[in-house]
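J.: With the hints as extra help, turn the sequences into a complete structure.
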Amino acid sequence: MDPRVRVLAAAVAAAWFGVATAAAQTSSTYTPPRTRDGHPDLQGVWQVLNTAAWDLEDHGARLGVPAGRGVVEGGAIPYQPWALAKRQENARGRATLDPETKCWLPGVPRVTYMGYPFRIVQQREKVTILYEYVGAIRFLYMNGNPHPRGPIDWFLGDSRARWEGNTLVVDVVHFTDRTWLDRAGNFHSEELHVVERYTPTGPDHMLYEVTIEDPKVFTRPWKMSMPLYRRQERDIELLEYECMSYLLEETWDRPEAFPFK
Amino acid sequence: MRRSLFAWLTGVLLLLAVVVPRPVWGQGRWDPNTPKLPMARTWEAYKATLPPYTPSRTPDGVPDLQGTWGGPGGAGGDDIEDHGYVDVTTPPQESFVSDPPDGKIPYTPWALARRNEIRAGLARGWPGETGERLYADPNTYCVVGIGPRGGGIGEIVQQPGVVIMMTPRVHRVVPTDGRPHMSDRAKSWRGSSRGRWDGNSLVIDIRGLNGKQWFDSVGNFYSENTRMIERLTMADANTIDYELTMEDPTIYARPWKINYPLRRAGTGGTDNSTGKYAWRSTVAVDPDPYAREAWENVCNEGVANNVRSMYSLGFKWFRGVTPPR
Chain A
1 MDPRVRVLAA AVAAAWFGVA TAAAQTSSTY TPPRTRDGHP DLQGVWQVLN
51 TAAWDLEDHG ARLGVPAGRG VVEGGAIPYQ PWALAKRQEN ARGRATLDPE
101 TKCWLPGVPR VTYMGYPFRI VQQREKVTIL YEYVGAIRFL YMNGNPHPRG
151 PIDWFLGDSR ARWEGNTLVV DVVHFTDRTW LDRAGNFHSE ELHVVERYTP
201 TGPDHMLYEV TIEDPKVFTR PWKMSMPLYR RQERDIELLE YECMSYLLEE
251 TWDRPEAFPF K
Chain B
1001 MRRSLFAWLT GVLLLLAVVV PRPVWGQGRW DPNTPKLPMA RTWEAYKATL
1051 PPYTPSRTPD GVPDLQGTWG GPGGAGGDDI EDHGYVDVTT PPQESFVSDP
1101 PDGKIPYTPW ALARRNEIRA GLARGWPGET GERLYADPNT YCVVGIGPRG
1151 GGIGEIVQQP GVVIMMTPRV HRVVPTDGRP HMSDRAKSWR GSSRGRWDGN
1201 SLVIDIRGLN GKQWFDSVGN FYSENTRMIE RLTMADANTI DYELTMEDPT
1251 IYARPWKINY PLRRAGTGGT DNSTGKYAWR STVAVDPDPY AREAWENVCN
1301 EGVANNVRSM YSLGFKWFRG VTPPR
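As given, the protein sequences belong to chains A and B, one line each in that order. Letter by letter, the first sequence follows residues 1 to 261 in this note's numbering. Letter by letter, the second sequence follows residues 1001 to 1325 in this note's numbering.
Some clues are possibly wrong.
[Unchecked claim] Result set (SDA-like, lysine to any residue): computed pairs, CA atoms no more than 25 angstroms apart in a straight line:
no., chain 1, residue 1, chain 2, residue 2
1, A, K216, A, G70
2, A, K126, B, D1060
3, A, K102, B, K1316
[Stated by the list, open to error] Have a look at the derived ranges for each label pair, beta carbon to beta carbon:
no., chain 1, residue 1, chain 2, residue 2, range
4, B, D1177, A, R92, 41 to 51 angstroms
5, A, H205, B, W1126, 54 to 64 angstroms
6, B, D1031, A, Q123, 36 to 46 angstroms
Everything labelled a hint here was simulated from the structure, so no lab data went into it. C-beta atoms are modelled at their ideal positions from N, C-alpha and C, and glycine is treated no differently.
T.: Dropping the structure here:
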């Protein structure tokens, strides 16, 4: 087949099957520009455009919460029975139990889809992601060092990255069990193992795919995927969301609301 | 988790000393015989002896400030004005203030009285306190700031139109593309930064500060009207001369300046035992392959106990100063 026809066919197929196709395969016909080091250039300010922050699964609307389609492959997160019960309990007690209400670092991958912009910065031996949300920062090392020896209970884990074609693949371990996956009570244990894949699909889009593995909580590894959108505003910049400062300022003189009594 | 913090500390000096709240950082470190630690006066005198330095340039033709940088050195931010030995956590130290030459912050009379009131209400057991618990140092709550309280410059990465500063706690992205500031209505802990290149210097104009952070732990403050100007200039291949100018006629009688050196990570800093600069690495090559990695620095995640104590002791939340009009 003529290569041009093949490319066209692939493009038509991708357009036809849309996100479903994109989620099923990480390859893309798009060839991204390169950095000086010769790697795909993913730099810039990105953001999700979905409702995963509220609930990773399909959900209806309620006060202040938009309805949304899930981002989990296959629809439902494969919880072990005890964990499913715990998830429901988390959801009911969300107002006080969700670590987000304590302004902690939100964990990975939750930090990606909090709904705030983040900036990717590439250097030779690491890729750094600067998040507007709580000023979080992740250094994704590609310096040849393996994960350090654990156990370590980090909020954002330890990230080691590599390139597979045009895809940035990030292996993340060494988590605390004190973070959740969304506001609906979806959670994990300290045995969480995350693999993130960032694949450019056009000049202003990336496909973000995540494999979640946690033998203490789930019956099998599962996947979520969502597009990342490059912010188009010419004057886009990361601003400040210093959650803890705002929480203290808002509640310090209101004993009924103060969460640290 | 602790292991990580210390591994990183050995690599990048005492950068975190200004981020980690005092109670976490530990007590009982200083001897009454500690020599006075150097700051602006010693640095200015040392700088005057250096030959003129022309920094290398990035591919964009601007001065290359890239690398990982330590903090101001000394004992941290207990009092940015000149002081003698106070207690085991506060050794004698020169003023951070390079201008005016007397090293004092040129407060207006109203602002000086307010600063003294805050200082007398710290309840740290220091001389001159009233015993009242007024405000605790904002750093007790892990808030971010600029300059001596900025958490350090950290690693600088330069890209066309932007200078990026990264530490394990915070990041700052300073546009150098000439864009205007955000509206002054948009206040934040670290303000709106706009950079430009001036000869060999990076000059950053900061506006929109919320005025709720201090310069140190004893209540030296700015306000939401304060404009700050940072000037970063390579003094030699391994040192940035960090200058911070404050302008605010509502609380200061005149503009004033802080200066201190930021040393390239691994090339030394202040020797606290002699009170002089030790411009050499004490560890030639750290055998730990992770020594140069910046590992997670949690602050808000462990701050609940600090908050609980300060709240239950009756300290108020510092909402900034309101100078008389």
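J.: Below or equal to 25 angstroms on CA atoms is what counts here, so check K216 (chain A) against G70 (chain A).
T.: holds (23 angstroms)
J.: Holds or violated: the 54 to 64 angstroms window for the beta-carbon distance between H205 (chain A) and W1126 (chain B)?
T.: Because 58 angstroms falls inside the window, the suggested range holds.
J.: Using the C-beta atoms of D1031 (chain B) and Q123 (chain A), is the stated range 36 to 46 angstroms upheld?
T.: Given a distance of about 42 angstroms, which is inside 36 to 46 angstroms, the answer is holds.
J.: What's the verdict on K126 (chain A) and D1060 (chain B), does the C-alpha distance respect the 25 angstroms limit or exceed it?
T.: Given pair K126 (chain A), D1060 (chain B) holds - Cα atoms ~22 angstroms apart, limit 25 angstroms.
J.: May I ask you to test the hint 41 to 51 angstroms on the CB atoms belonging to D1177 (chain B) and R92 (chain A)?
T.: holds (49 angstroms)
J.: Between the alpha carbons of K102 (chain A) and K1316 (chain B), is the straight-line distance 25 angstroms or under?
T.: holds (20 angstroms)
Hint compliance for this structure: no hint is broken.
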